[in-house]
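Listed in order, the protein sequences are those of chains E and Z.
For my numbering, count along the first sequence from 1 and bump the result up by 1.
For my numbering, count along the second sequence from 1 and bump the result up by 6.
For the record, the hints were derived by calculation from the structure and aren't laboratory data.
Certain hints may be false.
What the hints assert, rightly or not - Facing chain Z, from chain E, some residues (calculated, C-beta under 10 Å):
id, residue
1, Ser10
2, Leu11
3, Ala17
4, Ser19
5, Val21
6, Tyr22
7, Leu25
8, Ile26
9, Leu30
10, Leu33
11, Ile37
12, Ile44
13, Leu47
14, Glu48
15, Met50
16, Asp54
Unchecked claim - Subject to a maximum C-alpha distance of 20 Å in a straight line, what follows is the list of computed SDA-like cross-link-like pairs (lysine to any residue):
id, chain 1, residue 1, chain 2, residue 2
17, Z, Lys212, E, Leu28
18, Z, Lys212, E, Trp32
19, Z, Lys134, Z, Asp219
20, Z, Lys212, E, Arg43
21, Z, Lys11, E, Arg36
22, Z, Lys11, E, Ser38
Every residue gets a Cβ at the ideal spot worked out from N, C-alpha and C, and that includes glycine.
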Amino acid sequence: MTFENDLRSLSIFIFAASVVYWVLILLFLLWLFRRISSLRERISALEAMSADDSSERL
Amino acid sequence: MLGNKRAEGVFIVAVFVNILAYYISFVAVHAKRSDIYFLYLHVPPAWVCYMAFTISLVSSIMFLVKHKRSYDVIAENAAIIGLLFGAIALLIGSIWAKLAWGSFWNWDPRETATLILWLVYMGYVVLKLSIENAEKRATIGAVYNIFAFSTVPLSYLSVEFGFSQHQSASEVLPQMSEVVKSALIFDLFAVTLLFIALMLLIWEVKSLEERADMLSIAVSGGVRDDI
Chain E
2 MTFENDLRSL SIFIFAASVV YWVLILLFLL WLFRRISSLR ERISALEAMS
52 ADDSSERL
Chain Z
7 MLGNKRAEGV FIVAVFVNIL AYYISFVAVH AKRSDIYFLY LHVPPAWVCY
57 MAFTISLVSS IMFLVKHKRS YDVIAENAAI IGLLFGAIAL LIGSIWAKLA
107 WGSFWNWDPR ETATLILWLV YMGYVVLKLS IENAEKRATI GAVYNIFAFS
157 TVPLSYLSVE FGFSQHQSAS EVLPQMSEVV KSALIFDLFA VTLLFIALML
207 LIWEVKSLEE RADMLSIAVS GGVRDDI
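Pulled out of the complex, with its shape left as it was, chain E reads as follows (with noise of 0.2 Å):
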């Protein structure tokens, strides 16, 4: 093997390294950021449906 074929190699091993630390990071931060956002949403409808309750006991 030629040391061109050698770095190139190498380069690909390092590139698909990069991406499985880069991906792995991306994916949990989406999930983490789509929960916040999905939990907000929950929240201000359960505050809504409270303060609905509360209106109707007056």
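Fit chain Z to the given chain E structure using the hints.
The following block gives chain Z in isolation, referenced to the frame of chain E:
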């Protein structure tokens, strides 16, 4: 973006510092030995993995001593992040192994011990998800976590077994030039910052989950049996 200014600030700083660390490590090794670049992709996640599980252990002990729910939440959050970085360290380690040793998986003591560590902590998360009663979940989880931590020194010290091909820190550090070492230290700092940012974000998720649960109880007028 998140509503929580502290988490938002730490997250943005962490992203910038990590990009900078990525660039610095690339410059540090590019002109010399490119294969050393794996060091910057493999060591920082392994460092965060061990650190997260250590924080998880300390929090579990604190929970058993003080019975404060926040310690249980920290233990669980740290274990989840430890699992994420453990998976990254294992996957990148196997790519490096293919290059250095010729095969993705060699059943080397370090590989095997780290896989056991990862599975044991996955068991901790599954255990916590499977118990409904919050008090029971926290106590059983904390006790399990203390036993699970025994796999951390097992994984760290596994390179000392005579037949391991994996180099130990004491073997690698003297071979490093000052530039390579400094870049690695900066990388460890950057990834620690990312760990803190992720801890704050998961804390935000747990707080919102708790608030949503409280509100749904208030709206339905029901009584929770898991508090």
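Hint-by-hint comparison with the structure:
With a cut of 10 Å, the hint placing E/Ser10 at the interface with chain Z holds, because the nearest CB-to-CB distance is about 8 Å. At a threshold of 10 Å, the smallest CB-CB gap from E/Leu11 to chain Z is about 6 Å, leaving the interface hint in force. Taking 10 Å as the C-beta contact cut-off toward chain Z, the hint placing E/Ala17 at the interface holds, the least distance being around 6 Å. Annotation: interface hint on E/Ser19 holds; nearest CB of chain Z at approximately 6 Å, less than 10 Å.
Annotation: E/Val21 was flagged as interfacial toward chain Z, and the flag holds, the nearest CB pair being 5 Å apart, inside 10 Å. With a least beta-carbon distance of about 6 Å to chain Z, the hint placing E/Tyr22 at the interface is held under the 10 Å criterion. For E/Leu25, the suggested interface contact is upheld, since its CB lies about 5 Å from the closest CB of chain Z, less than 10 Å. The beta carbon of E/Ile26 comes within 7 Å of a beta carbon in chain Z, closer than 10 Å, and the hint placing it at the interface holds.
Hint on E/Leu30 holds. Least Cβ distance to chain Z is approximately 8 Å, under the 10 Å limit. Interface restraint check: E/Leu33 against chain Z, minimum CB-CB distance 5 Å, threshold 10 Å, status holds. At its closest, the beta carbon of E/Ile37 sits 6 Å from a beta carbon of chain Z; the interface hint therefore holds under the 10 Å criterion. For E/Ile44, the interface hint holds, since its Cβ comes within 10 Å of a Cβ in chain Z; the closest pair sits about 5 Å apart.
For E/Leu47, the interface hint holds, since its Cβ comes within 10 Å of a Cβ in chain Z; the closest pair sits about 4 Å apart. Taking 10 Å as the C-beta cut-off, the interface hint given for E/Glu48 holds, the closest approach to chain Z being about 6 Å. Of the supplied interface hints, the one on E/Met50 holds, with its beta-carbon coming within about 5 Å of a beta-carbon of chain Z, less than 10 Å. Hint status for E/Asp54: holds, given a least beta-carbon distance of 7 Å to chain Z, under 10 Å.
For the hint pairing Z/Lys212 with E/Leu28, the CA-to-CA distance comes to about 18 Å; that is within 20 Å, so the pair holds. With a C-alpha separation of about 13 Å, the suggested pair Z/Lys212 and E/Trp32 falls inside the 20 Å cut-off, and the hint holds. For the suggested pair Z/Lys134 and Z/Asp219, the alpha carbons sit about 18 Å apart, so the restraint of at most 20 Å is met. Between the alpha carbons of Z/Lys212 and E/Arg43 the distance comes to roughly 14 Å, so the proposed pair stays at or under 20 Å and holds.
In summary, the hint linking Z/Lys11 to E/Arg36 is supported, as the alpha carbons are separated by about 17 Å, within the 20 Å threshold. Pair hint Z/Lys11 plus E/Ser38 holds up; C-alpha atoms about 15 Å apart against a cutoff of 20 Å.
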